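Make the full structure from the sequences, and use the hints.
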Amino acid sequence: MMHGDSSSLNSSRGNIATQKWRILQQRYQKLLDDVTPYLAGRWIGAAVLAVVFVARVFLLQGWYIVTYALGIYHLNLFIAFLSPKIDPAIIDYEDDAGPELPTRANEEFRPFIRRLPEFKFWYSVTKSTVIATVCTFFDCFNIPVFWPILVMYFITLFCITMKRQIKHMIKYRYLPFTHSKPKYQGLNDSGKVINAK
1 MMHGDSSSLN SSRGNIATQK WRILQQRYQK LLDDVTPYLA GRWIGAAVLA
51 VVFVARVFLL QGWYIVTYAL GIYHLNLFIA FLSPKIDPAI IDYEDDAGPE
101 LPTRANEEFR PFIRRLPEFK FWYSVTKSTV IATVCTFFDC FNIPVFWPIL
151 VMYFITLFCI TMKRQIKHMI KYRYLPFTHS KPKYQGLNDS GKVINAK
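Anchor point for the sequence shown: position 132 equals 132 in the working numbering, and the numbering is continuous, going up by one each time.
Hint data in this document are derived by calculation from the structure and do not stem from the laboratory.
One or more of the hints may lead you astray.
Stated by the list, open to error - The calculated lysine-lysine pairs, modelled on DSS-like cross-linking and capped at a C-alpha distance of 30 Å, are: (1) Lys127 x Lys163; (2) Lys85 x Lys167; (3) Lys85 x Lys163; (4) Lys85 x Lys20.
As the list claims (entries may be wrong) - With beta-carbon atoms standing in for the labels, derived distance ranges: (5) Val48 x Ile72: 17 to 25 Å; (6) Leu31 x Phe141: 35 to 43 Å; (7) Pro176 x Ala17: 19 to 27 Å; (8) Thr18 x Pro148: 33 to 41 Å; (9) Ala69 x Ile44: 18 to 26 Å; (10) Ile16 x Phe158: 45 to 53 Å; (11) Leu24 x Ile166: 40 to 48 Å; (12) Ile155 x Leu39: 23 to 31 Å; (13) Lys171 x Gly45: 29 to 37 Å; (14) Lys167 x Asp33: 31 to 39 Å; (15) Asn15 x Ile72: 38 to 46 Å.
Here the structure is a predicted model, which means the values were calculated and not measured.
For each residue, glycine too, the CB sits at the ideal point set by N, CA and C.
In structure tokens:
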């Protein structure tokens with residue numbers, strides 16, 4: 001009799017914990033949904049977090065490995081943000097048996113679809129910066145290293161990676177910053193519809 005009561009008590013505690021966790025997840029998702037339209041505010045907040053992190057590292061004179069790892073991760077995110085979702089280099093090697101979409105600029109408008117969307121880019125940058133800032137509170141992450149070597153290696157890696165990405169953009173003729181479909185309007189913007197041939 002006692003064994004059945006204790007298992008039901010444990011399962012009810014588990015259910016309560018699961019419900020609380022689910023409520024917490026829903027509130028967090030609602031917060032993310034609420035900040036989604038505020039592009040400039042989100043990026044200003046991420047920049048403030050990055051400045052706080054850099055100031056903390058600069059003032060404490062440590063945690064250079066954490067800073068280097070954060071820089072490499074942000075570079076990786078930035079490259080994914082600049083890359084198309086479907087790599088044109090892979091498309092060149094695929095079979096051309098099926099119909100294709102137009103590839104010339106004058107045929108049809110095709111927006112640039114990123115491999116990493118802007119919101120996920122911001123979210124990953126913000127989350128990683130917060131995690132890196134939390135790491136600066138623990139001495140186990142403060143590994144002694146000669147930081148100028150890390151800076152030079154990061155600059156070299158950044159230059160090589162960006163050069164490769166720009167060459168890829170030029171080779172496959174895409175620009176990762178398309179604003180919107182071109183809009184055509186008449187000479188007067190009086191609100192009247194102008195028929196176009």
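Verification of the supplied hints:
Note on Lys127 and Lys163: the hinted pairing holds, with a Cα-Cα distance of about 27 Å set against a maximum of 30 Å. For a cut-off of 30 Å, the pair hint linking Lys85 to Lys167 stands: about 17 Å separates their Cα positions. A hinted pair counts as satisfied when its Cα atoms are at most 30 Å apart, and Lys85 with Lys163 qualifies at roughly 19 Å. Only pairs whose Cα atoms come within 30 Å are accepted, and Lys85 paired with Lys20 is rejected, the gap being roughly 37 Å.
At roughly 22 Å, the beta-carbon separation of Val48 and Ile72 lies within the given 17 to 25 Å, and the hint holds. Checked against the given bound of 35 to 43 Å, the beta carbons of Leu31 and Phe141, roughly 28 Å apart, lie outside it. Roughly 44 Å separates the CB atoms of Pro176 and Ala17, a value that falls outside the hinted 19 to 27 Å. A beta carbon spacing of about 50 Å between Thr18 and Pro148 contradicts the range 33 to 41 Å that was offered as a hint.
Roughly 24 Å separates the CB atoms of Ala69 and Ile44, a value that falls within the hinted 18 to 26 Å. Range check, Ile16 to Phe158: about 49 Å between beta-carbon atoms, so the 45 to 53 Å window is met. Hint check: Leu24 to Ile166, Cβ distance near 43 Å, so the stated range 40 to 48 Å holds. For the pair Ile155 and Leu39, the supplied restraint of 23 to 31 Å holds, since their beta-carbon distance comes to about 29 Å.
The hinted window of 29 to 37 Å between Lys171 and Gly45 holds, with their beta carbons roughly 36 Å apart. Between Lys167 and Asp33 the beta carbons are some 38 Å apart, a value that agrees with the proposed interval 31 to 39 Å. With their beta carbons about 42 Å apart, Asn15 and Ile72 fall inside the hinted range of 38 to 46 Å.
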